[in-house]
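For the record, the sequence lines run as chains S and U.
Per UniProt numbering, residue 1 is the first one in the first sequence, and the count goes up by one each step.
Per UniProt numbering, residue 1 is the first one in the second sequence, and the count goes up by one each step.
Rather than coming from a laboratory, the hints here were simulated on the basis of the structure.
Just so it is clear, the structure is predicted and the values come from calculations on it, not from any experiment.
Hints are supplied without guarantee of correctness; some may be wrong.
Taking lysine-lysine and the DSBU-like style, the derived pairs with C-alpha atoms no more than 30 Å apart in a straight line are [claimed, not checked]:
no., chain 1, residue 1, chain 2, residue 2
1, U, K217, U, K197
2, S, K172, S, K317
3, S, K47, U, K234
4, S, K28, U, K140
5, S, K28, U, K234
6, S, K25, S, K172
7, S, K134, S, K10
8, U, K135, U, K199
9, S, K241, S, K3
10, S, K232, S, K245
11, S, K47, U, K135
12, U, K225, U, K197
13, U, K24, U, K199
14, S, K28, U, K53
15, U, K197, S, K26
16, U, K138, U, K229
17, U, K199, S, K28
18, S, K2, S, K317
19, U, K138, S, K26
20, S, K312, S, K241
21, S, K10, S, K187
22, S, K47, U, K140
23, S, K312, S, K47
24, U, K140, U, K199
25, U, K224, U, K197
26, S, K10, S, K47
27, S, K28, U, K135
28, S, K25, U, K224
29, U, K53, U, K260
30, S, K9, S, K25
31, S, K2, S, K241
32, U, K24, S, K47
33, U, K135, S, K26
34, U, K140, U, K224
35, U, K138, S, K25
36, U, K140, S, K25
37, S, K245, S, K47
What follows is a set of in silico ranges between Cβ atoms, one per label pair, in the way DEER data are often shown [what the hints assert, rightly or not]:
no., chain 1, residue 1, chain 2, residue 2, range
38, S, G89, U, K135, 29 to 35 Å
39, S, E119, U, N137, 41 to 47 Å
40, U, N168, S, K3, 55 to 61 Å
Just so you know, even glycine gets a beta-carbon here, dropped at the ideal spot from N, CA and C.
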Amino acid sequence: MKKYTDTGKKDTRSGFGDGLTELGKKNKDVVALCADLTGSLKMDEFKENNPERFFQIGIAEANMIGIAAGLTIGGKIPFTGTFANFSTGRVYDQIRQSVAYSGKNVKICASHAGITLGEDGATHQILEDLGLMKMLPGMTVINTCDYNQTKAATIAIAEYEGPVYLRFGRPKVANFTPANQNFQIGKAVQLQEGTDVTIIATGHLVWEALQAAETLNAHGVTADVINIHTIKPLDDEAILKSVKKTGCVVTAEEHNFLGGLGESVARLLSTHHPAPQEFIATQDTFGESGTPEQLMDKYGLNASAIVSAVQKVIARK
Amino acid sequence: MADYKALEDLVVQVRRDILRQVHKVNSGHPGGSLGCTEFFVALYNELMERNEKFTMDGIGEDLFFLSNGHISPVFYSVLARAGYFPVEELNTFRLLNSRLQGHPTTHEGLPGIRIASGSLGQGISVSIGAALAKKLNKDKHIIYTLCGDGELQEGQNWEAIMYAAGNNVDNLIVTVDLNGQQIDGSTNNVLPMGNVKAKFEAFGWDVMDIENGNDLKAIVAGMKKAKEKTGNGKPICVLLHTVMGNGVDFMMHTHDWHGKAPNDEQLENALAQNPVTLGDY
Chain S
1 MKKYTDTGKK
11 DTRSGFGDGL
21 TELGKKNKDV
31 VALCADLTGS
41 LKMDEFKENN
51 PERFFQIGIA
61 EANMIGIAAG
71 LTIGGKIPFT
81 GTFANFSTGR
91 VYDQIRQSVA
101 YSGKNVKICA
111 SHAGITLGED
121 GATHQILEDL
131 GLMKMLPGMT
141 VINTCDYNQT
151 KAATIAIAEY
161 EGPVYLRFGR
171 PKVANFTPAN
181 QNFQIGKAVQ
191 LQEGTDVTII
201 ATGHLVWEAL
211 QAAETLNAHG
221 VTADVINIHT
231 IKPLDDEAIL
241 KSVKKTGCVV
251 TAEEHNFLGG
261 LGESVARLLS
271 THHPAPQEFI
281 ATQDTFGESG
291 TPEQLMDKYG
301 LNASAIVSAV
311 QKVIARK
Chain U
1 MADYKALEDL
11 VVQVRRDILR
21 QVHKVNSGHP
31 GGSLGCTEFF
41 VALYNELMER
51 NEKFTMDGIG
61 EDLFFLSNGH
71 ISPVFYSVLA
81 RAGYFPVEEL
91 NTFRLLNSRL
101 QGHPTTHEGL
111 PGIRIASGSL
121 GQGISVSIGA
131 ALAKKLNKDK
141 HIIYTLCGDG
151 ELQEGQNWEA
161 IMYAAGNNVD
171 NLIVTVDLNG
181 QQIDGSTNNV
191 LPMGNVKAKF
201 EAFGWDVMDI
211 ENGNDLKAIV
221 AGMKKAKEKT
231 GNGKPICVLL
241 HTVMGNGVDF
251 MMHTHDWHGK
261 APNDEQLENA
271 LAQNPVTLGD
281 Y
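Turn these sequences into a full structure, and let the hints guide you.
Next comes the structure, spelled out in structure tokens:
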């Protein structure tokens with residue numbers, strides 16, 4: 001099986017910040033907006049390099065989304081930055097009408113997504129954002145897994161014309177995908193090849209899926225591990241090809257099982273190739289305070305939970 | 001000097017268009033549309049610097065954003081009669097497969113529309129974004145926005161009003177249709193907004209009144225004065241005092257016609273008060 005090495009823990013939000021800095025240098029149409037979280041979103045360098053193209057909006061996310069929509073009229077490519085909770089639930093109607101329905105080229109970049117936000121607790125730990133965003137017609141939804149992928153995705157979405165939701169996180173996590181990778185929106189990344197089960201993971205759960213695959217391999221179970229960074233549009237072809245081979249699937253995400261990646265995969269399979277599926281996700285619950293590791297463990301979002309789910313799903317074949 | 005006879009004729013024709021659009025589909029919002037007819041006619045035919053061909057980016061021209069999208073009948077009529085799309089298309093208002101949706105949208109590609117509106121309170125924010133894009137593009141043209149007075153009850157407006165003043169967005173003229181009415185009654189009864197002028201001023205805007213917001217000459221003079229105020233570090237607010245349902249006697253001074261279409265008899269009466277000038281679609 002392929003070997004993946006953590007080249008040093010880094011936060012995905014820094015991948016966003018560094019990607020934005022690079023965009024600032026090479027694309028003069030890129031502008032950035034932030035709602036009083038410049039440091040948290042790692043947007044400082046873009047701000048410093050491009051003061052005329054950086055807009056500090058203050059604690060007013062609805063206004064930020066509207067201004068971003070307006071900036072596209074005149075050819076700008078706005079990147080908005082705040083926490084995932086304030087990027088989605090707080091401004092859903094603004095995104096729906098002024099961005100999605102209006103077809104505006106706004107990049108909604110959301111940090112501190114999911115339960116790994118940690119100690120701040122449930123008010124800030126949104127576990128519903130993927131569902132909210134993927135339900136909007138025309139919205140592209142991306143959830144990246146490490147620093148390198150987040151940086152590449154940030155650069156890639158500037159080249160794509162249309163609204164995008166880019167979701168990433170707060171904690172430092174393993175950085176294992178290639179630097180300077182060619183990020184293709186909507187294209188799954190096959191990380192491991194196996195025949196017994198398909199593990200489809202997104203975001204912080206991708207590294208956990210790789211750890212789980214190693215453990216399973218030691219017990220004679222081989223897994224296809226697929227990194228779905230783009231939840232919408234979903235790479236139907238890659239998923240179907242794998243599940244037709246393995247006959248069962250475990251989906252893994254840092255999100256409620258309602259509305260997330262797992263549901264998208266279930267819809268695809270139920271209409272094209274029904275197969276047993278287990279969901280690694282939060283079970284329709286809010287989060288709570290704790291360290292990211294404690295929370296991932298308590299809510300069953302780690303490698304050992306994936307291993308158990310794989311054993312369960314194989315037994316259902 | 002404006003040809004006020006021609007503008008007056010257009011106002012009457014636009015009133016007919018509004019009434020006939022909403023009557024045909026027995027839905028839509030005639031009251032606010034009629035109240036803002038003179039404003040729209042003056043804006044598109046006397047005030048805005050507009051390019052012949054519609055482009056979404058609108059580089060090198062003034063732009064207009066309608067925040068209170070429910071007054072789409074007046075917007076559609078004035079756009080059509082300014083040449084953005086065929087006047088006959090007003091026949092399709094609110095019908096299946098039409099570009100003239102109940103509330104304005106870019107989704108069907110109707111020329112003249114740059115943002116969807118209908119869910120209230122978003123237009124000032126969008127206009128600020130477009131104004132900032134103008135500044136980045138070194139385009140000296142102006143952003144005009146219209147919003148309703150009841151609409152100011154939406155909190156997002158005040159985020160936008162604070163931002164525009166705090167960041168010297170001075171290429172923006174926001175007109176508030178001050179007709180004092182909303183769906184459930186007068187604004188004073190539904191949610192008293194106090195002194196709107198003092199509120200805008202307290203936020204740092206340059207505010208002026210057009211006392212007779214249904215008088216073309218007053219609108220043209222007032223809006224030209226507003227334009228002269230641009231570029232001086234402050235966003236401009238124009239409080240346009242209008243009468244909802246203006247031009248149709250039984251629709252005036254009431255909120256009853258906010259979102260109700262006239263029946264056949266009422267239409268006949270209303271049209272008789274506004275005889276054909278330029279020709280019906």
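Item to complete: Of all the hints given earlier, name the ones this structure violates by number, lowest first.
Response: 2, 13, 15, 17, 23, 28, 29, 32 and 37
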